[in-house]
Each structure stands twice: as C-alpha cells, then as structure tokens.
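There are 2 protein chains.
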Amino acid sequence: MNQSDTGMDLFFEPRSVAVIGASNTVGKIGYKLMDNIVTGEYRGKLYPINPRDAEVFGLKAYTSITEIEGPVDMVVIAIPASFVLDEVDKCAKKGVKFLVIITSGFSEAGNIEMEKKVVKAARDGGMRVLGPNIFGLYSSRVSLNATFGPKGVKKGSVSIITQSGALGIAMIGMTASEGIGLSSIISVGNKADLDEADLLDYLASDENTRAIMLYIEGITRGERMLGSLRRVTRKKPVIVIKSGRSKRGAMAAASHTGSLAGSDEVFDAVMRQCGVLRAENLEEGFNWLKFIAEAPLPSGKDTVIVTNGGGIGVMATDACEKYGIELLDEPELLRKIFSSSMPSFGSCKNPIDITGQASEVNYREALLAALESDRVHSVMALYCQTADFEKVAYSEMITLIHNEYMRKHKPIAYSLVGGEEVTECVKYLRGRGIPAYQGVYEMVSCFGALYRFRENRLKEVQEEVRIDIGTEAICSMVDGALKDGRDFLLAHEARAVLEAAGISTPKSVIVRNIEEAVGAAERIGYPVVMKIVSRDILHKSDAGGVALDLDDREEVMDAYQLIIRNARKYDPHARIDGIEVSEMVHKGLETIIGARRDRSFGPIIMFGLGGIYVEIMKDVSFRALPLSRSEAISLLKEVRSYPLLLGVRGEESKDIEGIIDVMIRVGSILRSVKRITDMEINPLFVYERGKGVKVVDVRIMIAKDREE
Amino acid sequence: MNQSDTGMDLFFEPRSVAVIGASNTVGKIGYKLMDNIVTGEYRGKLYPINPRDAEVFGLKAYTSITEIEGPVDMVVIAIPASFVLDEVDKCAKKGVKFLVIITSGFSEAGNIEMEKKVVKAARDGGMRVLGPNIFGLYSSRVSLNATFGPKGVKKGSVSIITQSGALGIAMIGMTASEGIGLSSIISVGNKADLDEADLLDYLASDENTRAIMLYIEGITRGERMLGSLRRVTRKKPVIVIKSGRSKRGAMAAASHTGSLAGSDEVFDAVMRQCGVLRAENLEEGFNWLKFIAEAPLPSGKDTVIVTNGGGIGVMATDACEKYGIELLDEPELLRKIFSSSMPSFGSCKNPIDITGQASEVNYREALLAALESDRVHSVMALYCQTADFEKVAYSEMITLIHNEYMRKHKPIAYSLVGGEEVTECVKYLRGRGIPAYQGVYEMVSCFGALYRFRENRLKEVQEEVRIDIGTEAICSMVDGALKDGRDFLLAHEARAVLEAAGISTPKSVIVRNIEEAVGAAERIGYPVVMKIVSRDILHKSDAGGVALDLDDREEVMDAYQLIIRNARKYDPHARIDGIEVSEMVHKGLETIIGARRDRSFGPIIMFGLGGIYVEIMKDVSFRALPLSRSEAISLLKEVRSYPLLLGVRGEESKDIEGIIDVMIRVGSILRSVKRITDMEINPLFVYERGKGVKVVDVRIMIAKDREE
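Protein chains in written order, with the numbering used here: chain A, 1 to 708; chain B, 1 to 708.
It is worth saying that the hints were derived from the structure and are not from the lab.
Note that the coordinates shown come from a computational prediction; the quantities given were computed from them, not determined experimentally.
By construction, the Cβ of each residue, glycine as well, lies at the ideal position given by its N, Cα and C atoms.
Some hints could be false.
Claimed, not checked - Pairs of lysine-lysine, DSS-like flavour, derived with a Cα cap of 27 Å:
(1) LYS637(A) x LYS531(B)
(2) LYS154(B) x LYS247(B)
(3) LYS459(A) x LYS301(A)
(4) LYS154(B) x LYS391(A)
(5) LYS247(A) x LYS322(A)
(6) LYS322(B) x LYS322(A)
(7) LYS618(B) x LYS618(A)
Said to hold, decoys possible - Quick list of the computed label-pair ranges, beta carbon to beta carbon:
(8) LYS427(B) x LYS151(A): 20 to 30 Å
(9) GLU265(B) x ILE564(A): 40 to 50 Å
(10) HIS492(B) x ILE564(A): 49 to 59 Å
(11) GLU688(A) x ASP571(B): 30 to 40 Å
(12) HIS539(B) x GLY519(A): 37 to 47 Å
(13) PHE488(B) x ASP552(A): 46 to 56 Å
With the hints as extra help, turn the sequences into a complete structure.
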C-alpha cells in the first residue's frame, strides 16, 4: 500500500467494492459499471447490489449493502437521485469508507438541498463522497475501472482529475489513442465533498503518478486547492486546462456547471504562482502531458537545435523564444562539439544547420555529438524532408539514439516536417513512446512546459512573511462598523486599520476653532493642508474650502478664517462640522494596492501603477495570499509599467521595499481579519528609494463572517 | 490561356521548356528535374540540353539551347554557378522568355556580383529570372513539375510561394498528405529578379487559384510587395508564414538567407493592413489553407455551435472569443430554431447543447435545423465521444449533411473529441475533403481566418488621401542641407518643412535687441516664451536664460534684460547669439508621430502616446504608406492607450481629426520627398476636439536618393 497520511489510501486501493444499482440489463449504467469492473480485472472483492436478480455478471447479488458479510471499503452508487439518501444511511451502518455517487440530478439540476443532505449523512457516518454527477473513477493500483467509460484503459504513470464527466470519457479515449498510460482518472463532478485538493494531496506522494492533469470548469474552495497545488507542483508536473477563459465562455460554463469560473486573469496569475502549467486547450495539454510524464528533467538550461533545414531551424528558434527556452550560445564550444559531424555548407551556430545535403550518417553524428556533450542539457532534433528521406532508416536511427540517450537522462525530442512518409515515420516513433512531432512549435512547446516545471522545482520555498499586526484593534473597528449596520469603514476607521497594521497614513485631525487648528498643525508638523468638513459641501475646492501647503502658524490662522468665510459665502445654510488639518502629502509615483476575498480563489492581492495605467492600460497583476517576499517581488515585476519603479529618464529608483512592506501588511490584514472583504489603497504614493511610500486614500469593505 | 496583363502567362503556361543540365545520371538534380517533368506529363515541348549524351530520358538531347529549332518559352538551369552566365547569354539569343535558375552559390553564398551580372544579362536579353537557389516550380495549368521535389503533386486550387527551397519540398509533401491540391508552387529563393509581387499579381486573376500561401524569411522590395498584397487580398485569401519572428530567430534567418527580416512588429502591422492572414507556424497555416480554399464565404456574422457536451461547448466559446467569431445570441430565435430537435436536458443557448444523451438522430436534426435557418450564417458541429459513438454511422451522417449543405454555401466544420474510433472517423471525413478536426481550437481558428478574409473583402477601398504639400520648398531645404554635408535638418529647417506641408509649428524668431524682441512678440502674439541662444550655455534654465508666459510688451522688455543679465552672470565669457522669442505652447496630451523609410517595407508611419507610454509601455502602432483615412483611424485605435484620446475621467474627447491630418501630411512628405528618411514629431500636443494639435519638436533625417 502507498505511504500516505491523507486518509485516501482506501480510495485509490479499495479492498472491496459494492455497486448499488448493478444490473444485467445492457444499456443501463449499472451494467456498464459492472462490465468495466469485471473485464478490468479488479483485484479486490466485488459485490453487486440488486434487489431483484440473484446474480449479476455471474456474481452473487445482494438485496442490500447491509447483507454483505465482509467489510466494504467503497460503494459505487448508480440509482436515481431520490433513492440515494436511503442507501447512504445503510452504507454508514455498514462502515463503508468511500461513496462514489455516479447519479446526476443533484445541485447541477438545482437540487442543492438533497445534495447537502447526502453529504451530511455520509460525513456523519464517517464516509467521504466522490461526486455526485460523475462517470466514476479508474485506479491502476487495484486495476479498478469503476466508470461507465470505455474499457481497456492503458495502465501508466499519469493521473487525471476532471470536472466534466462527458469530457472525461472522451479523455480516456484520447489517452489510449495517444499512448498515454493512466495511473488514475477521477471524475469529481459536483465536488460536493471530495475535490481536487483531496486527490492532489494523495497523488503528490503516489509513486505510481509521474504527472497530473486537471480539467476545471469552475472553482470551489479555491484557497484550499491553491494550497494543495503549491505543495504538489514542488514534486510533480501539474497541467491544468480550464474552460471558460473568455467572458462568454465563463457564462456558458456557469450555466453548465453551476460553479463560478472566476476571473480568468486572476486564475491565470494564481496558477502561475502555484507552479501549475496551464494549457490553453486539450490538444496542448495532452501534448505536454505525454512528453512531461516521460522526459527526464534537464540538468541545465542550455538547449541545442540540430536541423537539416535553415527554415525550420529559424522557426524552432522563434518557438524557443516564445516558450522561454534558452539556446546554448557559445560559438567556440559549439564548433568544438559539432565541427567533426558537419558537412561543408553547414553552420555551427545554434541552430546547428547540417543542411539538406547531410546524410543520415551526418545527422546521427550531429545528434550524438549533442547528446554526448556535458554542456548540452537538452536537444531538439529537426528534420525537413529531402528527396533522400528513407522512412525505415530514419525511424530506426532515431529509435536507437533515443533508447540509448534517454537512459542518460537528457531530454531529446524530434520534429519531422514533410509528407506522407514523414507522417508514417512520426507515427512509428510515437508508437514506441518516442517524443516525435510533425509540428516544430508542438515540440518546442513541450520543452517549454518541462523547463517551467524545472524552474518551479528549483525555486526556493519561501515562507509567508508573518508580521504582527494589531488584529484586536482592527477587529474592534470592524465590529463597531458592523454593529452600525455598515458594510464599509469610514475614512478615519480605515486609516486606523492601516495604522494598527503598521502602515502609516497621513496624519489628520478635525478642528473646530483657530486654536485647535494651530495646535493640530504643530503636532502634525508643517506643511499642512486644510479642508472644510461639511455634509452640505461636496465640492470643497469649488467652495474655496481647501488650502494647501501651509508652512507656519500664521498661514494656518489665515487659512482657517478664509475657509470659513468662503464656505459661508458659498452656502450660508451649510452645516459646518469643522476643518480637517492634515499632513501635506507630496506627490509621488501613483500606485494601487488592492486586496479582496475572491469567491473562487480566497484572499488575493492586486498591484498596479495608479491612475491611467490601471484604468486604461489594465496594467495590474494578481497573487493569491499568503504572499512570500519573492512572490511580492514577482508581482511587482509582472506589471508592464515596472520600469517606472526602477526609475526612467535618469530618475532615481523608487522605494520598492516600501511597496512590498505595505503589500505584506495588507495581506496580513486580509488573512487575519476574515470580516474584511475588500481593501483598496489608491493611490499609494511611492517616493525615491529610502524615502518610503505614503497612503493617500484607502477604502475598506466588510461583511459578517461567512461560513467557511 | 489565362486572362492577365502581368506578362506572366508564359511563366505559368510555357509552351516549351528546355533543361540545361538535363542528365541521365541518377542522383543528379538534372536527372530529378527531367524525371519529374516527364512523369508529371508536362503538356508542352521538352528539350533536354546535355553536351555529352545524345538522348536524355529517351528524348533527343541538344548540346546547346541555340540548336533547338522551335521557340523556347522557359529554360530551367541546373549547372554549376560559374557556367550559368554563358548559358544566359545563349538563352537571350534564342529569345527565351523565362529562366528558372535552380543553381545555388550566388548571393546567398556571398557571390552578389555574379548574381547581378546574370540578372542584368537576362533583363537585357528580354528575359525574367526565377531564383537562383531554388527547387523550381510546379504549374498545374500545363502539368509542369519542374522541381527536384517529390513526384505526384496533387492538382488543386491552392498556390504556394516559398522563399525556402528545403521547406518548399517538405511543403509539397505536406500538401499531398493533407489532401491539399496545388494550382502552383513556386520557389523564389534569392529573388534576384522575380519576387512575390510579380507572382501575386498574376495569381490574383488566375481562375485556378482560390487561396494563396506565402512562406517568407526576409523581405526585399517590400513596398512593391505590399502593393500587390493589398490588391490580391481583395479577391483571394492570402496566408503568410514568416519565420524569424523572434530576435534570435531573425538573426538566424539573416545569416541563413542574407535578406533582412525587418521588425516583426512592423511586419505584423503591415500584413494586417494589407488584409493578409498571418499564421504563426506551418501547422496553423496549412490548417487555414485547407479550410479556406474550400469553404464558401459566410453571408453574415452569426455563428452557431451545436454540441453534445457542455465542456467542449465552453471551450469552443472561448476559442470563438479568441478568434473574433460572433455567436448568434437571440434566445427566442434560437429556441425557435432548435426546440424541436432538443432532448429534455438540453440547452437552446448558443452553444446549443443537445447533451450526451442525444442520439445520432438528435444530432443530425440539430445540425439540419442550424443549416436550414437563414439567420445562421455558419455552423460549428462539436461531438464529444460517448459510449454510444458509432464510427460508421457518424461518418456517414456527417458526410451526407456536409455534401448537401456545402452546396448551399454555408460554412460548416466538425470537431470530434475522443479516442481511436473518433480519430478514425475524423480521418475518414478528411479523406473526403470534409473539414473535420480533433481539436476544437484547431477548427475555430479556421473560421477565424475565414471571417477575417470576409471582413477584408467587405472593407471599402479607400484611396490614399492626397494633399498638396509644398514639395519644391521642402526639396530645396533638403538639398541645401545635403550640400552642407549634413544628414539631418536643423531645427528651423525641420519646422519649415512642416510649415510647407501645412502643419503648423510654434512660431519663433531669434532677436538681438529689445526692439526686435517686442516686435517679434507682437507679430507672434502673446503670450510668448523667451530663451537665451548661446552655443556656450547648454542648460538654459540653470543659467536663468528662460522666461515663460510673457503676456505683454512690458514683460517682454523686462525679460529680455533679465535674461541677458543672468547669462552674463552665469558665464561672463559666453558668446550670446541672441534670444529666441517663441509662441507659448500650452501643454496638451503628448503624442508621437514618426515616419521612416524602412529597409524592408518602404515608408511606414508610427503613432503612439508620448512620454512614458512609448518608452515604457511600447504602446505604438504602425502602418505602411500610403495611408487612407480609415487606415489612419485604425492606426489610432490600435494603441492600447487610445481611450485617452476619447477622454477619460470626464474629460472632453481630444482632437483626433487634428492628429489624422498631421499623419496624412507627414505621410505625404515621406512619399513625395524620397531623400527624407526619418521624421519624428515628438511631442505633438493634442488639445480638446476642435482645438487642434501643436507640434512641439520635430526631427528630420535625410540621405541622398537611394537606388530604388
């Protein structure tokens, strides 16, 4: 049995399975399930439950789960929704561990209550639930094909978790026809109880799984899922395909699954943050999956392209730039490696172009030279069909090279461009598990995925930066506002929250006479700003109610009188609540820091350069919380306007440390005080390095604790 | 014969072909060429030239081209480079029309002079040259396969022009294995004489060609090529693949072909401007080519997706947004069209989801309903493999539907997702010329190409806006500067060029005493700016040598004295050349208009929002000249910061007409005065609508007329 403390061992390796709804009638799902389990040669005990037939598939049938004598680890349920709850109760009595509820007609059809009841009964009875509304699961460990999908699943080292049942069935077919072997495939459907996170935690330490693919339509319990993804991607490549990328697609997904798709921009950012490889579509995802499950991790970044055609060499170079692959670029070294295998017209620049005049021998020698050099860490072999192409000779040559060198743990793949003969050669090679492609981009894209996985593994794990913030003070502020019936904090409350968290805000006092004004100004320190405070005067400037840059006692006194006079003139009936004396904030580079509790992904933080950059250029980036220092830095670097922080046109670099400090404190607030749902510091002025940052305005939204 | 006045008829339909270097020796290019021409059943007269053998391929061989009795339209040359020139001279004597020079070792190997001599001799002798350094050409009109590529080219309606010979040979294979029939494929190699433009002009009116593909590595004579592309894309879809997209790829391409790749950003912009469909890579290009050569043009924008799986429906929706395809979105209408073919669980929202429970009959009915409705202009049929899938039944059903409805001129394509059985079904359909795909994105991307072609055809042709500019005055300014030995214009000269072209610049006069200063200010109009003019004072502000916003005579007089006094104090030895009195330019929205004579594409124009937007955000866009009004508008709309021109935060919209006027005038300058190589107006201040624009600074670079 697998070593794992996730409590999921019996889910992947049940010693006994019962099928409620097992049937002898062709066409029924209960028939197809039994057929698949039996022909799949499940290695445990199988108990069909059928109240009418004495035998199902030649096995003794039971009228009820409770009649079975031995223990039952897993029960697969395939009966109409209205009968499910009763059976769940019986399973609880029997001491079952896992329920696999195939049945549809629950929350996805609006029956949310019934689904909740089923899950509650199961959890109360000590059981976990997969589904409902799924096609089942396949687990190679015990050779269990408890799905109503196709038979003859190919065993291997890839695990797939899919939210869509229909697509999952098609995916079983796709893996088989692509020659991808499965360690497991699990349909999570409505995710009423078990979800991706539970399964990922197990698969992370499952030695039978080398690569994982997720197909996601909507997110539930995103924060937990992100945690699992962060852990598992340190060990194994995880490829995610999410449909509903587009606005209209997300609407279609929501109406199809009932779950929230979330903003695709945020999804994309947090997936990258978690080290997940996001594929745009199924073809790309399966393409990566097949390659990455087999390829050894390269020991370094230096890639070499060997080609017999200049044109495809250039295309591969383009693709390398697109997918972030580094080409070895040391002319002397390359000449040393390749000169002996190079015909006269060739080029030792990378791509190594051995030209169309190269023979099969030249080609093999160049590849061997690349594979034998310690300075070459991965190899892309391109072949452009010439009149000399011999299908059999090339197929055999590549097979030999491949078998020899994959064992040396250096990734290599082959792209062959041409007609029917070349197509057949590629097919032959793929049939032998060799990563051969017709498209140059198709091949390079796989290396891109592999290198991103490598990069992610090499990244140092950085812990969340934990900062002491005045949680109690913040909570009491929030509770007060909630008691007031508000879903937001007033300006001074919001500022107090930031101060409690160690983020300094402009000092500000409301005064009611000249003496108070002067006193406040002296305490705050000159220069100060003064503004009329009146619920009846909205446009303070228009009313002459603002005075800037007041440098001393005299100016403050004059300004006080002037403002009061102006306000009276502007509106004799205005109720004047006082005058606000504030620290004068000098203009810095405008930035925005936002944070919110996303319904899909949990707490996330946003950074952008302020004003027009955010509004017009949409130049913002996102991360999920908790945030490590290096994640905070990469968040800043992701905005296109990042060079402005480094200083342009001879300016000094800006106080990046100051921004990071505010982000980390904002993150801590959101993590510590669940009743805060939204924060926006806008603008945050950033000054030169060492001169700090200054919050100009902050907005905080609150809500009663939600059920977690 | 084809109706065409491009003089290229005999190139595509030569009545007789001679092969210099024709050979009986297997392995020689001259053997392969003869073999291909003979087995290809060329319909004209074929004359092998071989000084040693009496017969080649059973045909009488001639020792020299001059010995042939009848006329010879085309001569294919496949002998070493050093012998080519002699043969060209003989061909000229013989009155040959076209030379196809297969031979390599010319400019691509550094022998630029020899290539020039060959072309000159040919042109002097009334001949046009294809190549050198090519694999030849295939023309279906006379069944001529004058290539050393594969035999058995499939005849059809697609024409391919390729710069790479090696890749061209592979492309012949790819078309055959993809079932794409060729009207012609032409290898242009070094493009010493004939290039893409010559061939495109012919293909535009060639009734055998429905779609055109270009593979480009580097651009020569770009301006001419863009002209041809603009014309041909009004009639036929043109797909372009250009390698060297990336920086490193472009370097590799340059060293491989010797021709300039040009900036990929500019290439991309001008291709879009010319209505060209740019594919990222070969797979995408061939995918589009196959579809677009067969598909009827849709009569409108409304597309319907019919699917039996929610997941793939969502993915197709995502893909539609990516590729700019509009989904019919009228719930009532959709219900009317589809309700009768819809099973209970289904959804009449677009994508029309007939669910996995749908039978083959449901599926057919839904497709027929879509095809029969006049309100549906194109149809995407998605199928996600279910346990019920029957390969033969679906293959036949789709074939029937397809044959019936393509005749009704409505585009439809099929994406089938699943395993081996589905793969075979797709293969069966593709074998019958039906656009069936395994990948959803692959299919939708083809509709994207088709709809972009349609859009381009619907665009009104707008003529270049011709504006009278003072060409003579500009030329004399430029000539004067050239005589001075300069490659740039001085500030006042550059301003004078703009004034001559009708672009107003800030008025400015250099004065030497107070009276002149007052006179200048009165002529210019208040307020004015004054600045010290001294070759010894670089930092005018530091020296107290600048006075802004001078409102009247008094202020000008005071400022004059103050500036002189300050300058003397700052540097008693400074030589003072005078004081510049200029119109005071009020700050507007900063924009940049640039124009330059690009080495690859000819004259192009650039627009961007000024300052940080251009420097940091690289938010600029490009167009080739000449520029129509609508192109100028689309150029503006392409920058991401365009909303700033429309006014944000309650501002008025900006004077867009003013920007367009300046762009068109700048375009006219560059078109009319070839000696101007670069112009940059930076910044151009833009004010509110109706309030115009103002040039603040302009820089103009010049050069002696280059050989065209």
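Mind listing which of the numbered hints don't hold for this structure, in increasing order? Result: hints 1, 2 and 9 break, sorted rising.
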